[in-house]
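Chains as they are written, first to last, in this note's numbering: chain E, 10 to 425; chain Z, 10 to 425.
Do not take every clue at face value.
Identical chains blur together in the list; that is why a pair holds if it fits in one copy or across any two.
In silico EDC-like links for lysine to aspartate or glutamate, alpha-carbon gap of 16 Å or less [said to hold, decoys possible]:
(1) Lys22 with Asp279
(2) Lys337 with Glu185
(3) Lys22 with Asp116
(4) Lys283 with Glu185
(5) Lys22 with Glu106
(6) Lys22 with Asp103
(7) Lys228 with Asp116
(8) Lys113 with Glu163
(9) Lys322 with Glu404
Hints were generated in silico from the structure; no laboratory data involved.
There are 2 protein chains.
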Amino acid sequence: MSRDSELKDRAQKVFPNGIYGHLSTRYMPENYPQFFTSAKGVRMTAVDGREYIDYMCAFGLNLFGYGDEEINKAFVDQMQKADTVTGVSPVMIDFAERFTGLVKHADWAIFVKNGTDATTLGAMIARAHTGRDKIIIAEGAYHGIAPWSAQSPEGTTAGERTGRIYCTYNDVESLERAVAEAGDDLAAIFATPFKHDVFIDQAEPDAVYARRARELCDKTGALLVIDDVRAGFKLARDCSWATVGVQPDLSAWGKCIANGHPVSALLGSDKVRKTAGLMRVTGSYWCQAGPMAAGVVTLDRIRDSDYLENIQKLGRQLRTGVDAVAAKAGVGLRQTGPVTMPMFLFDDDPDLRKGYFFCAEMAERGIYMHPFHNMFISNALTAADVDLTVAAADEALQALAKAGAGLEPNQRIKVA
Amino acid sequence: MSRDSELKDRAQKVFPNGIYGHLSTRYMPENYPQFFTSAKGVRMTAVDGREYIDYMCAFGLNLFGYGDEEINKAFVDQMQKADTVTGVSPVMIDFAERFTGLVKHADWAIFVKNGTDATTLGAMIARAHTGRDKIIIAEGAYHGIAPWSAQSPEGTTAGERTGRIYCTYNDVESLERAVAEAGDDLAAIFATPFKHDVFIDQAEPDAVYARRARELCDKTGALLVIDDVRAGFKLARDCSWATVGVQPDLSAWGKCIANGHPVSALLGSDKVRKTAGLMRVTGSYWCQAGPMAAGVVTLDRIRDSDYLENIQKLGRQLRTGVDAVAAKAGVGLRQTGPVTMPMFLFDDDPDLRKGYFFCAEMAERGIYMHPFHNMFISNALTAADVDLTVAAADEALQALAKAGAGLEPNQRIKVA
């Protein structure tokens, strides 16, 4: 029995049903390891000793590489002085000044732990600010696991679910219909920076849709909230809708803002400052200073380095290279969304059997990819790593072409 | 202008209304510093250079002392190997095995970040498990800031608030009335281990009340949930209601379980395992390995050391010492609740002017106390520290006795 399997058995006993959440390999191809001993840059070593180039980046945390020495040193130095104590370390102010300096719409920050904390606080501030209840979110969009937005109804009450109205992302008419449905009870329109739902092609934001969302908010007094938790700083050195010329009232951030150290943030404009200042916002670890010190270094590097141009270049190299080997193999592979957040889906693949086969083949070659969730380009990736990846994809896609119609149905997941 | 005031001015600009949450000094006596440069053991150094013996322990995080070297080394060693990556470190299993080994009712664990995550997940699992909506909580009890339990209504919807029914802690009749009101829609009874609300005397749990809560849950199929986030491991090396012989179905933990490193937990029994295994529970940093490594060392120390007897002894020394100097000064000072979580309130002090005066005097003498929230005894405190504290209290209480009826009304906070 492999060490990974042994650990899975132990995990099955002390967690309700094994490892939970988005880092579980329950829905990944069978040959994906669950447990890792170390990670550095873009490489992770599994407990059985195999090394992988990781295109998931812990779902977007790893922007400057696992174990970045300068960022981790800032973390450790601050932690050794004061981490979470009965009071606040000055670095919390430095971090907020850096953040509001980078993000144009932002005049203030509130630091929290989870991305869900940031989106939920955004919803609550919008409701408090307007005195209204309804929040418009796009079907299929993920804004965290709190009851107000949860995609699965388990454990939520009808009363919790009635606060939301759905629209279709990038569909102006559906947005207008949702606003009409909210009537005089509209608190906020939420939007992800681009359509990055699981299972389907990604879609860049339509500027007309984005501008209409802004107009509808201005007209009704509702707030526009961008959920930049996943995509933040992967499209722009600003809130992501800056790319379509639209500024929100609130934006939610997390994941890479301290290169994976645990801190998330809600940023807001002066228009909402008074309400935000009246809210009861608190969490045991929300003023933890270590992640803020890591965040200062991270944001300085975002502001001052060419990381964005570099991950765009690496993303284009990957997209072009994989397109070429897919064409060579005669496989219909769709790559959608921004190049810094790649998504691979296969034509005529309703149960994702092709995607799972492809990812399993890639894992055999030491490349960790995802069959139905967008991936991430880290600044620690190199052109040589991408070359290795494209070479692996070349073999994996040829194997897929050969397997052809003989692929077994996918038993690992039911696609909605 | 002091460095603390300078920083407060900067904070006022980049946060909605200055430092937010429970670590804000907005509601503390005016001479309390907001910003600290370092902390070690039970001592914190403010940015203006003054040192304080800290009785707040970051609101319960500091059980074994700030900057504990063994615990921090475990954290840093794990973080350098792998912190949050695309997968899980084996130490997550070790931590869950230690935790479920210590807490008798627990067969499984789910690790989260905030205490609010743990209580909210408990509420959601209870609702999913029973298919019902109503949750009974005691008036004045704090179970986090999520809309389902939030004490202040700002930003919550009517639909979110209808899920809860209030009872009076330790009042069996009120509990039975609440159960009757829930009818066939009761999902859970929540309880804090003892009554540790702000502003009022603390109260130990009545064993009759605790047993009745257990019986009512068994009778109705609802779940009993203990919120041990604040008090966990300060009363017992088990869930806190073990002290009254009652085992819950779920318990929520946080704060000190990794000596302040950011991890919280929901623990549950096999009865609820199936439902818990079906829930969608996930957060960007929930599998962060560093805090789990710190948690393993912390839980081993909780299991194997005499920390509990030691903090009880220190707590008794403080209680006895302060009682004596209060009697000597002729000041009516009430100390309530467990000795490991001291609460000081003064007789005939409706607006807390005496409490604020006392705490301000203590701060002048280098002792950081709280005028309306329970405090905490850290295992890093020493008998000599308590002697210093009692000596300071002697002077502070004499000053209070002298000030007598001449005290100004308290402008810092409105007591509910």
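Taking the hints in turn, this is what the structure says about them:
no., hint, in the structure
1, Lys22 with Asp279, "between (50 Å within a copy, 10 Å between copies)"
2, Lys337 with Glu185, "neither (44 Å within a copy, 72 Å between copies)"
3, Lys22 with Asp116, "between (47 Å within a copy, 8 Å between copies)"
4, Lys283 with Glu185, "neither (29 Å within a copy, 42 Å between copies)"
5, Lys22 with Glu106, "between (45 Å within a copy, 9 Å between copies)"
6, Lys22 with Asp103, "between (44 Å within a copy, 12 Å between copies)"
7, Lys228 with Asp116, "neither (22 Å within a copy, 53 Å between copies)"
8, Lys113 with Glu163, "neither (38 Å within a copy, 27 Å between copies)"
9, Lys322 with Glu404, "neither (23 Å within a copy, 68 Å between copies)"
When each numbered hint is compared with the structure, violations occur for hints 2, 4, 7, 8 and 9.
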